[in-house]
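K.L.:
Under our numbering, the sequence shown is numbered contiguously, ending at residue 617.
Any given hint might turn out to be false.
Only pairs whose alpha carbons sit at most 30 angstroms apart, straight line, appear in this in silico DSSO-like list of lysine-lysine [said to hold, decoys possible]:
{"#": "1", "residue 1": "Lys397", "residue 2": "Lys484"}
{"#": "2", "residue 1": "Lys484", "residue 2": "Lys467"}
{"#": "3", "residue 1": "Lys467", "residue 2": "Lys367"}
{"#": "4", "residue 1": "Lys467", "residue 2": "Lys581"}
{"#": "5", "residue 1": "Lys607", "residue 2": "Lys554"}
{"#": "6", "residue 1": "Lys393", "residue 2": "Lys484"}
{"#": "7", "residue 1": "Lys615", "residue 2": "Lys604"}
{"#": "8", "residue 1": "Lys584", "residue 2": "Lys554"}
No lab work stands behind these hints: they were computed from the structure. The structure presented is a predicted model; accordingly, all values stated were derived computationally and were not measured.
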Amino acid sequence: MNFFDDLEFVCSGKSSHCDSAYSRHYFDGYYGLQFISSGKVQLKVDDSETLTARGPVCFFTSPGAAFSYNSLPGEFREHYFVCFKGSRTERYRQGGLIPEKPEAVFYPVNASEKFLSNWKHLLRYLRQSGKYSHGEAVLLLEKILFETAKSVRQGGGSSISSGIAELASQIADNPGLDWDFDKEAEKLEISPVHFRRLFSKATGMPPWHYVLDCRIRYASQLLLATDKLVKEIACECGFNGVFHFSREFKKIMKKSPENFRKSI
Numbered sequence: 354m355n356f357f358d359d360l361e362f363v364c365s366g367k368s369s370h371c372d373s374a375y376s377r378h379y380f381d382g383y384y385g386l387q388f389i390s391s392g393k394v395q396l397k398v399d400d401s402e403t404l405t406a407r408g409p410v411c412f413f414t415s416p417g418a419a420f421s422y423n424s425l426p427g428e429f430r431e432h433y434f435v436c437f438k439g440s441r442t443e444r445y446r447q448g449g450l451i452p453e454k455p456e457a458v459f460y461p462v463n464a465s466e467k468f469l470s471n472w473k474h475l476l477r478y479l480r481q482s483g484k485y486s487h488g489e490a491v492l493l494l495e496k497i498l499f500e501t502a503k504s505v506r507q508g509g510g511s512s513i514s515s516g517i518a519e520l521a522s523q524i525a526d527n528p529g530l531d532w533d534f535d536k537e538a539e540k541l542e543i544s545p546v547h548f549r550r551l552f553s554k555a556t557g558m559p560p561w562h563y564v565l566d567c568r569i570r571y572a573s574q575l576l577l578a579t580d581k582l583v584k585e586i587a588c589e590c591g592f593n594g595v596f597h598f599s600r601e602f603k604k605i606m607k608k609s610p611e612n613f614r615k616s617i
């Protein structure tokens, strides 16, 4: 038995200028890695909410769920894909290289020249026959899976990841502004649901919880460093009145604004 026989490739390919749609497609017994190098794509798994993202992003398809994905009307995508099965996939799952269960998640990736080259060489080896080309294809698939996982952990250098990091920094600097996260999601060209998921992953809390945390921290600084009235601080930090400010402040700081100021 060849060392690489525990992985079988089901299908693979690349579609340029692609606008095809897949509705409730089942991947019966095999996994897929889908790479959108450019263009805008929508994704839905079973009855989940539809997510939208612009490439470069990856998403996984897997057994046990119905996957629907398509380009937006009037748009086209460049789409690479490879599908595979076999006992080796269990090691991929245990190692965190593929998801443990079907889910609608986009993974922003750094579509470097090396990453694109690995995809092109993978597809070239899969068009050939023989145990050596099969082994080379398995090794390239694993490189791509590792690069995808690494890119996700490091933020990927993607416009989405960097945009969310920049937004979090802006909120920390200006917590009192009236933030509209639907508009922020629109700027990043992703759905509000996908935005909230990525923001929570990046900051450790949902967007409005993060805003509230930043507002309370800023209010604490003003209480300690200035003689401003509590109602002035409440207004400057974006709260709708002293009562609202005092209630939220006490939830987090365990003291009222007045007692917090007196205790220091």
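K.L.:
Take the hints in turn and mark each one as holding or not.
P.N.:
Hint by hint, here is what the structure shows:
no.	hint	verdict
1	Lys397 with Lys484	violated, 36 angstroms
2	Lys484 with Lys467	holds, 24 angstroms
3	Lys467 with Lys367	holds, 17 angstroms
4	Lys467 with Lys581	violated, 56 angstroms
5	Lys607 with Lys554	holds, 26 angstroms
6	Lys393 with Lys484	violated, 37 angstroms
7	Lys615 with Lys604	holds, 18 angstroms
8	Lys584 with Lys554	violated, 34 angstroms
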